[in-house]
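Peer 1: Given next are the chains, with one letter for each unit.
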Amino acid sequence: MISLLGRGLVLAALFFAGTGCLAGFVAGSRRNQRAWEWARNSAYGFAASMIAANLLMVYALVTHDFSVSYVAEVGALRTPLYFTIVSLWASLNGSILFWGGILGIYTALAVWSLGDRHREYAPWAVHVLMGIAIFFAFLVASIANPFAPVLNPLSDGPGPNPLLQNHWLMAVHPPMLYLGYVGMSVPFSLICAALLAGRLEAGWMVPVRRWMLIPWMFLTVGINLGGWWSYAVLGWGGAWAWDPVENASFLPWLTGTAFLHSAMVLQRTGKLRDWTLVLGMSTFLLTLLGTFMTRSGVFNSVHSFTQSNIGPVFLGFIGVIFTYSVVLLALRSHKLDEEATATDQRIGQRTDGRSGILSREFMILLQNATFTVFTFMVLLGTTFPLLAEALAERRLSVGEPYFDMFALPLGLTLVFLMGVGPALPWGSQAPEAAVKHFIPGLVLGGVLAGIFGALGYTKPMTLLALFLIGFTLYSNLYEFIEPVRARMRARSEGPGVAALKVWSKAHRRFGGHIAHYGVLMAVFSLALTKGYRDETEVVLNTGEVTQFHGFDITFAGGRWTKEEHRDAVMARFEVEGVGAFEPRLNYYAGKMGGNPIYTPAVYTMPTGDLYFSILQLDEPSPGNWTVIVRLIDQPYQTWLWWSAPLMALGTLITLIPARRQNRKPEAA
Amino acid sequence: MSDMMKKRLLGLLAVIAAMCALAWIAMGSMGDNLVYYWSPTELLAADNAKSHTAVVRLGGQVVPGSFHPGEGSGISFDVSDGVNTVHVASTGQPPQMFREGIGVVVEGKYGDDGLFRSDKVMVKHSNEYEAPEEGDEVDFEKTLANGDGSR
Numbered sequence: 001m002i003s004l005l006g007r008g009l010v011l012a013a014l015f016f017a018g019t020g021c022l023a024g025f026v027a028g029s030r031r032n033q034r035a036w037e038w039a040r041n042s043a044y045g046f047a048a049s050m051i052a053a054n055l056l057m058v059y060a061l062v063t064h065d066f067s068v069s070y071v072a073e074v075g076a077l078r079t080p081l082y083f084t085i086v087s088l089w090a091s092l093n094g095s096i097l098f099w100g101g102i103l104g105i106y107t108a109l110a111v112w113s114l115g116d117r118h119r120e121y122a123p124w125a126v127h128v129l130m131g132i133a134i135f136f137a138f139l140v141a142s143i144a145n146p147f148a149p150v151l152n153p154l155s156d157g158p159g160p161n162p163l164l165q166n167h168w169l170m171a172v173h174p175p176m177l178y179l180g181y182v183g184m185s186v187p188f189s190l191i192c193a194a195l196l197a198g199r200l201e202a203g204w205m206v207p208v209r210r211w212m213l214i215p216w217m218f219l220t221v222g223i224n225l226g227g228w229w230s231y232a233v234l235g236w237g238g239a240w241a242w243d244p245v246e247n248a249s250f251l252p253w254l255t256g257t258a259f260l261h262s263a264m265v266l267q268r269t270g271k272l273r274d275w276t277l278v279l280g281m282s283t284f285l286l287t288l289l290g291t292f293m294t295r296s297g298v299f300n301s302v303h304s305f306t307q308s309n310i311g312p313v314f315l316g317f318i319g320v321i322f323t324y325s326v327v328l329l330a331l332r333s334h335k336l337d338e339e340a341t342a343t344d345q346r347i348g349q350r351t352d353g354r355s356g357i358l359s360r361e362f363m364i365l366l367q368n369a370t371f372t373v374f375t376f377m378v379l380l381g382t383t384f385p386l387l388a389e390a391l392a393e394r395r396l397s398v399g400e401p402y403f404d405m406f407a408l409p410l411g412l413t414l415v416f417l418m419g420v421g422p423a424l425p426w427g428s429q430a431p432e433a434a435v436k437h438f439i440p441g442l443v444l445g446g447v448l449a450g451i452f453g454a455l456g457y458t459k460p461m462t463l464l465a466l467f468l469i470g471f472t473l474y475s476n477l478y479e480f481i482e483p484v485r486a487r488m489r490a491r492s493e494g495p496g497v498a499a500l501k502v503w504s505k506a507h508r509r510f511g512g513h514i515a516h517y518g519v520l521m522a523v524f525s526l527a528l529t530k531g532y533r534d535e536t537e538v539v540l541n542t543g544e545v546t547q548f549h550g551f552d553i554t555f556a557g558g559r560w561t562k563e564e565h566r567d568a569v570m571a572r573f574e575v576e577g578v579g580a581f582e583p584r585l586n587y588y589a590g591k592m593g594g595n596p597i598y599t600p601a602v603y604t605m606p607t608g609d610l611y612f613s614i615l616q617l618d619e620p621s622p623g624n625w626t627v628i629v630r631l632i633d634q635p636y637q638t639w640l641w642w643s644a645p646l647m648a649l650g651t652l653i654t655l656i657p658a659r660r661q662n663r664k665p666e667a668a
Numbered sequence: 001m002s003d004m005m006k007k008r009l010l011g012l013l014a015v016i017a018a019m020c021a022l023a024w025i026a027m028g029s030m031g032d033n034l035v036y037y038w039s040p041t042e043l044l045a046a047d048n049a050k051s052h053t054a055v056v057r058l059g060g061q062v063v064p065g066s067f068h069p070g071e072g073s074g075i076s077f078d079v080s081d082g083v084n085t086v087h088v089a090s091t092g093q094p095p096q097m098f099r100e101g102i103g104v105v106v107e108g109k110y111g112d113d114g115l116f117r118s119d120k121v122m123v124k125h126s127n128e129y130e131a132p133e134e135g136d137e138v139d140f141e142k143t144l145a146n147g148d149g150s151r
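Chains as they are written, first to last, in my numbering: chain A, 1 to 668; chain B, 1 to 151.
These aren't lab readings, by the way, just hints derived from the structure by calculation. Please note: incorrect hints may appear among the correct ones.
What the hints assert, rightly or not - Okay, the calculated bits of chain A under chain B, using three or more residues with CB under 8 Å as the criterion:
#1 378-389
#2 560-567
Unchecked claim - Away from chain B, derived, C-beta distances all over 10 Å, residues of chain A:
#3 4
#4 55
#5 58
#6 109
#7 484
#8 500
#9 509
#10 580
#11 595
#12 598
#13 617
#14 621
Stated by the list, open to error - Derived DSS-like pairs: lysine-lysine, alpha-carbon spacing no greater than 27 Å straight-line:
#15 436/A to 505/A
#16 530/A to 109/B
#17 50/B to 6/B
#18 120/B to 109/B
#19 530/A to 120/B
#20 335/A to 6/B
#21 530/A to 459/A
#22 6/B to 271/A
#23 271/A to 335/A
#24 50/B to 109/B
#25 335/A to 109/B
#26 7/B to 271/A
#27 271/A to 505/A
Using N, Cα and C, we set each Cβ at its ideal position, and we do this for glycine too.
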């Protein structure tokens, strides 16, 4: 019954996507009002059916209807309700359905927020968005059908992947990442709409940039949570290993970040137009590549990815989107030039058109170049093993040192530019003024590096990173503090009133600065953990004590525990003056039965983490346990986790529209 | 218009040139940082220049009876693919699942003395793992790709 209903909903979604795509085309090319209404209603229809199909699958999972193939694949009676719901994205077919559901949510919100404005563009946007929707609805309806009926259903199933059940982060990290990935289809559609319409006005860049900001924020949070999950579950005490799956999510983040900045240049000066469009389109393509790489199993082996049908079909779709983007840019971007003369008044009205080297736009240009090189190098290192296997039958991977080698200088360059850029005006500035501006920042950078140097963090790269962090921190803060001080002097306002006034005048710009502070927190944490992480492996018997980084750690023994959906064995460590920590090994029945899932315990302090991870735990004689434990000292680790909320907060502030009376073309 | 085209063409050429230069640099440093996924047979067959300098992920089965807890925290055991066997000494502690007969991946370097020195022992541990039945052959391809039990 559910199988039938689910299939019906998915086919309805496919139908609506088809009519929406068609009607969008007609509405765009003929300026036809009835077609536009059709397109819009079809988009809502697609959204409603896809979301309903997802809810139906959740219902099937919760009611343990093992006659639905996907439930039979990942469901189990013993799995707690919470993880049963989360199983929606536990496996391939469910996650493609989930992809479609999120696309539905984005479609509905985007179409609703465009409303009846932007009538030259909106139908084209719906046309492209529904074109993408056709592909995903088709996948769910055919080769990735999670609603296939099971003829002789069993009374219980194997349950989801234990790694999914082992930590609450696995319930948050994938949806965040998906919200980031899928959402990139919206800015892609809006960009294509501009090319199809043959014009690009400042007014259209506002929704384009806004719809890039939303998925970018989710992607940022998703990547960060992924690192946290890896740290909290995998037991090696690290957040990032340049693993292909990690790189897959990082690539669109790089181009997306570059886009958000180059779009500002476009909005302000009318420059970098085609380049900005290329960045926006690449971001969507890279999310598709990311989905393909993480979901087709291509990294297990190039040759095994064909075992699932999705791999080749997905690769074909990436090819189609790539070709479409290139052709669209080649055929239509000159149309934007013709329009540009007509719209110059609106796009780039705020400068006289000259840009010096000491200008914000030039710094953004450098930033874009750096991000592009970064993207290129990561892409090369990630895809090289695939090419090596496909072309030369070589099985290999690219080691972390390759990535670290360029990530360090490029990352520090970006931090530096992040300090210089916001402090420079659009247009140009005299060198003397700029130098004067930067001196206090250089001093703060020196102080920060000096403090940490005195604390014993003396590696040159760490000190350089801290210096740049201090410089950039001041440089961004100054942009807020200076106008506040000026107001207090000129109008004798109190600091609170002045700050509020300054804030409300350009809150979107300060939102961007808050996102910058988040980046600085992440770099701060990475600089110290990369350079000063310390780990050791210790063998302890019950009652024995070991010393590590000033902590007296007693091994108090182990114990078995039985929980609803798993067994676990845990070791108890008592840290003098702090408390007890119990890292554990969880054993799940089902697919990975018998294999323990490592679950470390962490003592978190602002200045660093003490990390316990069991390697082996045995009870050779009753009451006498032996543990081999990995102890890790991770300085300033927790700062990395807090960087993402700060970046998200900054993005949210930027998303609040500027107030009408002081509306500028782009205040951020 | 043709001026515009010329400018664009020049820009495109500059980008392509820059990308080639970057790719050249990247390839050079990638070559030094490649990790090879080899079975014992492939390791022994590879030419010495490579097999004795590169980082290798050696995959195979722990030969029953070959495991020795060494002095201090080190261990040693033999890894076999059914054809050839390589002697492995590891400074890193193996994870809980480690036992004789199980499929493992060890990361390290192959010494001139024929000893494979490793600091990482990983047990087959994949997303879509299915417990091997008694007498099952170890799937080396999968083991090599998925070994991430404990880093």
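Peer 1: I'd like to know which numbered hints this structure contradicts. Please list them from smallest to largest.
Peer 2: 2, 11, 12, 13, 17 and 25
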